[in-house]
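Undergrad: Chains as they are written, first to last, in UniProt numbering: chain W, 1 to 296; chain E, 1 to 296; chain L, 1 to 296; chain C, 1 to 296.
Source of the hints: derived by calculation from the structure; they are not laboratory data.
Among the hints, a few may not be true.
Intra- or inter-copy, both count: the list cannot distinguish identical chains.
The calculated DMTMM-like cross-link candidates involving lysine to aspartate or glutamate, where the alpha carbons are at most 20 Å apart (straight line), are [stated by the list, open to error]:
id, residue 1, residue 2
1, Lys130, Glu271
2, Lys292, Glu271
3, Lys130, Asp141
4, Lys292, Glu232
5, Lys94, Asp272
6, Lys102, Glu76
7, Lys94, Asp225
8, Lys10, Glu151
9, Lys195, Glu158
10, Lys293, Glu236
11, Lys189, Glu236
12, Lys130, Asp43
Protein chains: 4
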Amino acid sequence: MHIGLVGLGKMGNNMRTRLRANGIEVTGFDRNPDVTDVATISDLVAALPAPRTVWVMVPAGAITDSVVEELNGLLEAGDLIIDGGNSRFTDDFKHAELLSAKGIDYIDAGVSGGVWGVDNGYGLMVGGSKEQVERVMPVFDALRPEGPRDEGFVHVGEVGAGHYAKMVHNGIEYALMQAYAEGFELLDKREDIIKDVPGTFKAWQRGTVVRSWLLELLVRALEEDPDFEQIEGYVEDSGEGRWTIEEAIANAVPVPTISASIFARFVSRQEDSPAMKAVAALRNQFGGHAVKKADD
Amino acid sequence: MHIGLVGLGKMGNNMRTRLRANGIEVTGFDRNPDVTDVATISDLVAALPAPRTVWVMVPAGAITDSVVEELNGLLEAGDLIIDGGNSRFTDDFKHAELLSAKGIDYIDAGVSGGVWGVDNGYGLMVGGSKEQVERVMPVFDALRPEGPRDEGFVHVGEVGAGHYAKMVHNGIEYALMQAYAEGFELLDKREDIIKDVPGTFKAWQRGTVVRSWLLELLVRALEEDPDFEQIEGYVEDSGEGRWTIEEAIANAVPVPTISASIFARFVSRQEDSPAMKAVAALRNQFGGHAVKKADD
Amino acid sequence: MHIGLVGLGKMGNNMRTRLRANGIEVTGFDRNPDVTDVATISDLVAALPAPRTVWVMVPAGAITDSVVEELNGLLEAGDLIIDGGNSRFTDDFKHAELLSAKGIDYIDAGVSGGVWGVDNGYGLMVGGSKEQVERVMPVFDALRPEGPRDEGFVHVGEVGAGHYAKMVHNGIEYALMQAYAEGFELLDKREDIIKDVPGTFKAWQRGTVVRSWLLELLVRALEEDPDFEQIEGYVEDSGEGRWTIEEAIANAVPVPTISASIFARFVSRQEDSPAMKAVAALRNQFGGHAVKKADD
Amino acid sequence: MHIGLVGLGKMGNNMRTRLRANGIEVTGFDRNPDVTDVATISDLVAALPAPRTVWVMVPAGAITDSVVEELNGLLEAGDLIIDGGNSRFTDDFKHAELLSAKGIDYIDAGVSGGVWGVDNGYGLMVGGSKEQVERVMPVFDALRPEGPRDEGFVHVGEVGAGHYAKMVHNGIEYALMQAYAEGFELLDKREDIIKDVPGTFKAWQRGTVVRSWLLELLVRALEEDPDFEQIEGYVEDSGEGRWTIEEAIANAVPVPTISASIFARFVSRQEDSPAMKAVAALRNQFGGHAVKKADD
């Protein structure tokens, strides 16, 4: 099978490597001339056998929109676009409708696994029609981890379902990370009691209820920097965590841990908190409690 | 009526002023010679008519314990100690039991109102026996705000009930402050839309659902420093907020807003967050996301 | 001054009453023939002197959209629409743009005060141009509470700012309510200690830090039904609370208490919690902990 | 090696099986005659070679206290008690001090793994002196999972450290479970989009960031009951989750996700929520919003 792959950043490049290693022919395009196989998206389309399959792996939002629009101009009825980026599921509805006017098919694929996917395989959550998903199953099989197909791949539903599932996956991921992080702080704080924080996490890898891949990564991170001295407690967040909250709100689903993990990231990026200034000011007003002056 | 008052800090001193202004004779003791009326607690006890009433207004915990113990040695059967400090209600049980051996009575009084109490009067929540509470009602009437007694004073129950109610009062207070503070940050963040943050809070003082005394204090604070430029978002917390969470846990009462307000204070005092270092390290491990180096 | 008022539900009807009582002539329209002054919106427009002012007080979203569109067809350059409903501030941008094509002016007004506003006056947060706001100041003065104008009215910014401020107001309101409610449950749970829950809230009305209008309402509610025996713990939420979270997410503002108060409402409306079924199932899987069967 | 084991409930019984399977001689005692090896604890002590090792595996708190006290009366200097139950770490301090008067040694061991431990091995977190821990290492090696020792066993620190680590482990566990549960509800709610909720969780088992042992258990649970129709959303909590919050409060560690997961369990067990009754009552007071009557 021969597919096109638009977007050869950290993820796309690794995916091309894995696809090729597993027998899929890939023509890749990226604006970065060091990694691209062809000069233009037009060249990429020209290089593919019909019906064409193009996997899009670029940043969600405006960039994915523009790539889909460009491909819409270049592809023909019966061709297929797979959006493997972190698009919002509502964008899938929009893209599928746009493409359907010309008879171009569309699949959305949530892809998990990060930089480890090239070796471990990628967890895949896919939305689209049964026929299209079956048609490109060799691509999914090349990307997914070894083992039973249904432990690393799922056809979740129609268009949008793959990214919806990936969004929820990332919401869960945020809360899982925060859970371990709170535990880390609890252990770290009591150095009078806990004499081996990294060793404690390491020992949780077998037999315990909390064992997981994230735990293994935390063990690795603590091996590299046992006190996290080289790292700042500053954490970005991506669209998917935020969308998870928005969907929760829209559907009246209580998500206290997922939201707490997002808010913790927001706070982590603030030099000072306007809200806590207000609380400090209030305490000072009613109790005469001293405030820390900004220039202290 | 003539009572003793041990502890003439910010609160105690103001209370002496209000008591005297409202016709209660007060002999005060404090280790600070500038404010004390007598040289020792022993002198204070000697100055009072039997049966004696001594109001204790010192920091909760070890200091209140030691004052109660010292008074236990000096007072007689039929005398009364009122603990008006911010003691944990479980300490009241301990104090009452200690004193009961000698027939000394005990009342716990939660006192709210901060530095404004000297003029506005203090909100009072009282625990103890009906007889004792009635006996010292003139003291409570002198301290409480003008208006109907039951709008500024309550006999909540037996010993411990006053401080339990005060503890809950303070737990609520924490969450109320946090609520306004979150609203402040939401308004403050959108300076493209909200052209008058102080004016918005000011306008909420009449007619709105959120009007309150804390709102009035926030308006005052914003008048003094409209952008909170002089203030750091660093907020202490006292025992009562923490005890509220502990009681909630002990009684299986969900307190998401009260706990959130405490945690926000904890975070406000951290130079960097160990938990968020762990999250940053995890993201770096799986996604190759750049971390902020501690020396950036 | 003579204005039109579209929407004579609970709020609109009360506002007509207050406006008339304070010297504003009002022609009201409602689909309910029992309360309307005119048969159609067209009649309402015809009854007003130019330049016309029409206050719209109908449910946010589709209904407000359709009323604004109908008025857009009926009004002329120089006329003014004030949307006093609970519209999302982003709808204001849309409405103002629509109307501007014909030279019709637009003001958004957040209105707080509920059923009490007819007597107490309404807290008003207004967005729009300085000229237009000044032009209809008599209307705002008629609606707002007595006292200094800036304690019950604020011109927050350009179009949209009024509803943005109202949205934040309601977000705060949610968290304030939840704070008192958590305190109520903490007091209520310890009937062994707290012998007078309604009396405790009543006594917080003067002198304390937590005194507020919501507290007064809680006192009233407890007087009517001291144990809330007649009431179910089932709470709806409106758009404004949800939008507050969405704005917080969009602007990276941590809002742990406001979100907790929304989630508590979501949970309150669930017969059973899918999430807690999942937790129960998990506990059963690893620990052999018994689960409650659905038909127990 | 030959040890005594007091407590042959679900956990203790399984542990005896695993110990014996791995070459440790075990004399077990339980009040249940069907499972016990000896009639009394005294018989158990008599059956052991000196220096004796007795593993206590009974419910934390009063029962563990009484077993430790009984053993204190029966054992001699140089003997060792290992508390493998879910005791609070502060109880370890108490037990160690009691036993030290007679020269009896003490180790606390946090044990994770639930009903799966008999086959998979138990994750072990141990507190005590280096000498004692080394002396009974064969016991720990028999219990822990296969693989490198430091991936299933850790000597965390002095007495108390094992249970402290286990407490934090369980706090994390609570939040992890809640995270997956929130994700489950988000998927479950959108049956219009997600056509295969169990399949989605199943597919997360390989390659994804959220893969874990708890996820595998959730997959199992969904295979048994895909819609959780047989299960009620009612979840108990044990001491360790609560103690985690208390320790967090005592050490000023923010734990928003762990606390949220506990509060969700509290709510899950309420027939109706007093707090939400209060919120409903408040909404009714200011807005005239209808409340659900308790008998609706």
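Undergrad: So, for every hint listed, does it hold in this structure?
TA: A quick look at each hint next to the structure:
no. : hint              : verdict
1   : Lys130 <-> Glu271 : neither (50 Å within a copy, 35 Å between copies)
2   : Lys292 <-> Glu271 : both (15 Å within a copy, 14 Å between copies)
3   : Lys130 <-> Asp141 : within (15 Å within a copy, 51 Å between copies)
4   : Lys292 <-> Glu232 : between (23 Å within a copy, 5 Å between copies)
5   : Lys94 <-> Asp272  : neither (39 Å within a copy, 35 Å between copies)
6   : Lys102 <-> Glu76  : within (7 Å within a copy, 44 Å between copies)
7   : Lys94 <-> Asp225  : neither (45 Å within a copy, 35 Å between copies)
8   : Lys10 <-> Glu151  : neither (24 Å within a copy, 31 Å between copies)
9   : Lys195 <-> Glu158 : between (52 Å within a copy, 8 Å between copies)
10  : Lys293 <-> Glu236 : between (28 Å within a copy, 14 Å between copies)
11  : Lys189 <-> Glu236 : between (24 Å within a copy, 18 Å between copies)
12  : Lys130 <-> Asp43  : neither (29 Å within a copy, 57 Å between copies)
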